[in-house]
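S.K.: With the sequences and hints as input, model every part of the structure.
Listed here are the chains, written in short residue letters.
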Amino acid sequence: MVPDLSINLGKTKLDNPVLTASGTFGYGEEFQEFVNLNRLGGIVTKSITPRPRIGNPPHRLVEVPGGMLNAIGLANVGVEKFISEKMPFLSELKCKVIVNVAGESINEYESVIARLAEVEDHFAGYEINLSCPNVKEGGLTFGKDAGQVFKITSALRKLTDKMLIIKLTPNVSDIGELGLAAQEAGGDVLSAINTFVGLAVNVEKRRPVLGNITGGFSGPALKSLALAKIWELKNTVSIPIIGIGGIFTHKDVLEFMLVGASAVQIGTANFVEPDVSQKIVGDLEKYCSGHQISQITELIGSLETRF
Amino acid sequence: MTGRKRILQNCELAEKEWLNASYYRLRFYAPEIVKNSHPGQFINLRSPETLDPLLRRPLSIFRCNGEKGWIEFLIKLVGRGTQLFSQTKPGDRFSLLGPLGNSFPWQNIKNGILVGGGIGIAPLVFLAEEMIQSGKKPTLIWGFQSKEELCCVDKMKALQAGIHVATDDGSYGFHGLVTEKLARLLHESPESRDATVFACGPNPMMAALEKICANYFMEAYFSLEAHMACGFGACAGCAVPSHDRKKYYLVCEDGPVFHKGDVYFGS
Ligand SMILES: Cc1cc2nc3c(=O)[nH]c(=O)nc-3n(C[C@H](O)[C@H](O)[C@H](O)COP(=O)(O)OP(=O)(O)OC[C@H]3O[C@@H](n4cnc5c(N)ncnc54)[C@H](O)[C@@H]3O)c2cc1C
Ligand SMILES: Cc1cc2nc3c(=O)[nH]c(=O)nc-3n(C[C@H](O)[C@H](O)[C@H](O)COP(=O)(O)O)c2cc1C
Ligand code: FES
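Residue numbers (the working numbering), protein chains in the order written: chain C, 1 to 307; chain R, 1 to 267.
Don't read these hints as lab results, they were simulated from the structure.
We treat Cβ as the ideally placed atom computed from N, Cα and C, and that holds for glycine.
Be aware that a few hints might be false.
Capping the alpha-carbon separation at 20 Å, the derived lysine to aspartate or glutamate pairs in DMTMM-like fashion look like this [what the hints assert, rightly or not]: (1) Lys223(C) <-> Asp52(R); (2) Lys205(C) <-> Glu225(R); (3) Lys86(C) <-> Asp254(R); (4) Lys94(C) <-> Glu232(C); (5) Lys5(R) <-> Glu33(C); (6) Lys5(R) <-> Asp275(C); (7) Lys5(R) <-> Glu273(C); (8) Lys5(R) <-> Glu29(C); (9) Lys81(C) <-> Asp121(C); (10) Lys5(R) <-> Glu30(C); (11) Lys247(R) <-> Glu80(C); (12) Lys86(C) <-> Glu253(R); (13) Lys251(C) <-> Glu49(R); (14) Lys81(C) <-> Glu49(R); (15) Lys81(C) <-> Asp52(R); (16) Lys286(C) <-> Asp15(C); (17) Lys251(C) <-> Asp52(R); (18) Lys147(R) <-> Asp168(R); (19) Lys35(R) <-> Glu33(C); (20) Lys279(C) <-> Glu49(R); (21) Lys76(R) <-> Asp194(R).
Far from chain R, some chain C residues (derived; all Cβ distances over 10 Å) [what the hints assert, rightly or not]: (22) Val2; (23) Glu80; (24) Phe307.
M.R.: This is the structure in structure tokens:
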């Protein structure tokens with residue numbers, strides 16, 4: 001028996017729960033020599049902004065115990081070049097393509113969505129990055145305030161019927177409140193988490209290692225923190241959740257699903273093993289066959305917490 | 001770069017040898033990678049047994065042998081990653097990803113001067129060997145902190161390469177910086193000024209070199225380093241500023257080899 005790995009994110013059906021996380025998978029094409037992209041549940045693009053962004057000064061990343069810090073600064077080609085240069089490749093793919101959108105004001109998010117709406121036949125939906133810790137303006141500033149999350153989600157909801165995923169920051173004391181705001185404003189799906197803000201110091205130089213001073217922490221040590229955030233969201237909202245943070249193996253995926261995620265995104269692991277996303281899909285299949293799980297959706301939120 | 005092909009594969013360590021107190025050499029049998037490799041390119045290495053250290057470590061191709069299919073790295077002990085690699089033994093598994101990046105455009109040049117600072121000699125050995133094999137006579141100017149750091153000099157002499165060595169403390173060869181040695185050579189022998197400079201070393205060395213080359217209107221190419229996560233253009237982590245500082249290049253994709261005047265080496 002071949003297990004059914006398909007899952008639903010609102011009205012959108014994915015062949016399996018494995019997506020790749022924004023900013024860790026380029027525009028997809030960078031990974032085609034390592035991964036059969038059509039084996040994935042979907043891919044999420046780098047954050048797209050209205051105009052190209054050159055990004056932050058170096059160093060932009062550094063390894064730290066348990067993971068890495070990055071302060072890329074949303075370097076991207078901008079929406080026009082994305083449409084002319086990156087969409088043709090993406091639109092040939094059979095897996096779901098989700099375009100991640102970022103901006104410095106509500107207006108900027110709106111302008112990217114309005115422009116992409118003209119070509120949106122080619123992809124499955126949007127992920128709204130309300131959580132980038134590495135740009136001074138926008139992003140995280142809105143993302144930390146439930147009122148702003150509500151406002152921006154409602155504004156974008158008016159512009160598209162496509163799947164709208166709201167990506168949340170963990171750098172708050174109450175992530176549930178943010179999730180609820182996104183849900184009430186018409187968001188279809190939540191994704192969590194983006195990176196935790198961190199700082200690395202070069203003692204010899206008495207300087208921060210990163211050009212941006214602080215950066216976002218990602219990698220293996222993020223997993224348990226992310227799981228707790230998913231748990232918090234799961235107990236607050238009813239819309240589907242995509243779990244992100246420190247996923248390196250199919251076992252990590254299972255943990256997120258048990259806690260309540262309908263799907264997951266693989267981030268930093270793509271740098272370490274470029275073919276890991278596809279391998280995880282295969283391993284999930286094997287796991288389900290081996291455990292007589294006919295539909296992977298059985299696992300979602302099935303964590304037993306009564307002792 | 002033509003016919004770019006990147007390979008991801010596990011390899012067993014074939015040989016390890018310490019060349020001085022902090023430099024060691026690793027050899028792997030990886031014919032597919034070797035077939036596609038050019039001087040200046042690098043490989044991203046990691047130990048598949050652990051996620052700590054996490055990221056791959058970029059290492060220049062130091063030498064390779066097309067017939068026998070082996071590839072070598074020359075590695076300097078720096079931190080956790082290079083420490084872990086140094087503790088492995090033949091038979092241990094590594095994961096190799098590459099070849100990555102562009103390469104030194106050496107084929108169509110008449111003469112090359114290969115300037116290396118410290119561990120920066122690694123890609124220049126591959127380059128020198130390729131040039132010598134194709135009948136060219138590169139001149140090598142290498143700088144080390146002291147005699148103790150000296151590496152591969154005798155090997156290069158055996159290949160009949162013209163080699164000049166500078167040490168910071170004067171314990172071997174020319175007493176002073178490698179750039180001073182180059183300046184002196186260019187001053188004393190005008191015929192060497194039609195050569196192309198290929199360089200790899202610390203940024204201050206590259207900045208000084210760029211000025212010297214500009215004085216004599218010489219062609220020059222520099223191989224750079226940057227902190228990397230992916231090594232193949234996906235993370236945008238390995239940025240270096242362009243000369244006018246209006247944009248960034250990615251060292252893993254646009255480099256690691258850059259033409260003179262392309263990048264800003266810092267003040
Ligand atoms: C294209 C390229 C070619 C290189 N070729 C060689 C070579 O042939 N031989 C050699 O010994 N070294 C080479 N280096 C440098 C080598 O990658 C670093 O010394 C090594 O990554 C240090 O890792 P670590 O864990 O020992 O040090 P740590 O300082 O503990 O490393 C921490 C993090 O910073 C990164 N990092 C630290 N120093 C450097 C550096 N100088 N460049 C890039 N990343 C760094 C590491 O990769 C790691 O992610 C090259 C670097 C690049 C970019
Ligand atoms: C280098 C890098 C760049 C990233 N860029 C983006 C981005 O542009 N937009 C975004 O929403 N998230 C971005 N992220 C966050 C990831 O999508 C993900 O949320 C985070 O890394 C946690 O997952 P991980 O531990 O599996 O990496 C980036 C992460 C990294 C490491
Ligand atoms: S190391 Fe990822 S883009 Fe260069």
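S.K.: Now tell me, hint by hint, if it's right for this structure.
M.R.: Quick rundown of the hints versus the structure:
| no. | hint | result |
| --- | --- | --- |
| 1 | Lys223(C) <-> Asp52(R) | 15 Å, holds |
| 2 | Lys205(C) <-> Glu225(R) | 19 Å, holds |
| 3 | Lys86(C) <-> Asp254(R) | 18 Å, holds |
| 4 | Lys94(C) <-> Glu232(C) | 33 Å, violated |
| 5 | Lys5(R) <-> Glu33(C) | 9 Å, holds |
| 6 | Lys5(R) <-> Asp275(C) | 15 Å, holds |
| 7 | Lys5(R) <-> Glu273(C) | 17 Å, holds |
| 8 | Lys5(R) <-> Glu29(C) | 14 Å, holds |
| 9 | Lys81(C) <-> Asp121(C) | 17 Å, holds |
| 10 | Lys5(R) <-> Glu30(C) | 12 Å, holds |
| 11 | Lys247(R) <-> Glu80(C) | 18 Å, holds |
| 12 | Lys86(C) <-> Glu253(R) | 17 Å, holds |
| 13 | Lys251(C) <-> Glu49(R) | 17 Å, holds |
| 14 | Lys81(C) <-> Glu49(R) | 40 Å, violated |
| 15 | Lys81(C) <-> Asp52(R) | 37 Å, violated |
| 16 | Lys286(C) <-> Asp15(C) | 15 Å, holds |
| 17 | Lys251(C) <-> Asp52(R) | 18 Å, holds |
| 18 | Lys147(R) <-> Asp168(R) | 9 Å, holds |
| 19 | Lys35(R) <-> Glu33(C) | 17 Å, holds |
| 20 | Lys279(C) <-> Glu49(R) | 16 Å, holds |
| 21 | Lys76(R) <-> Asp194(R) | 33 Å, violated |
| 22 | Val2 | 27 Å, holds |
| 23 | Glu80 | 17 Å, holds |
| 24 | Phe307 | 31 Å, holds |
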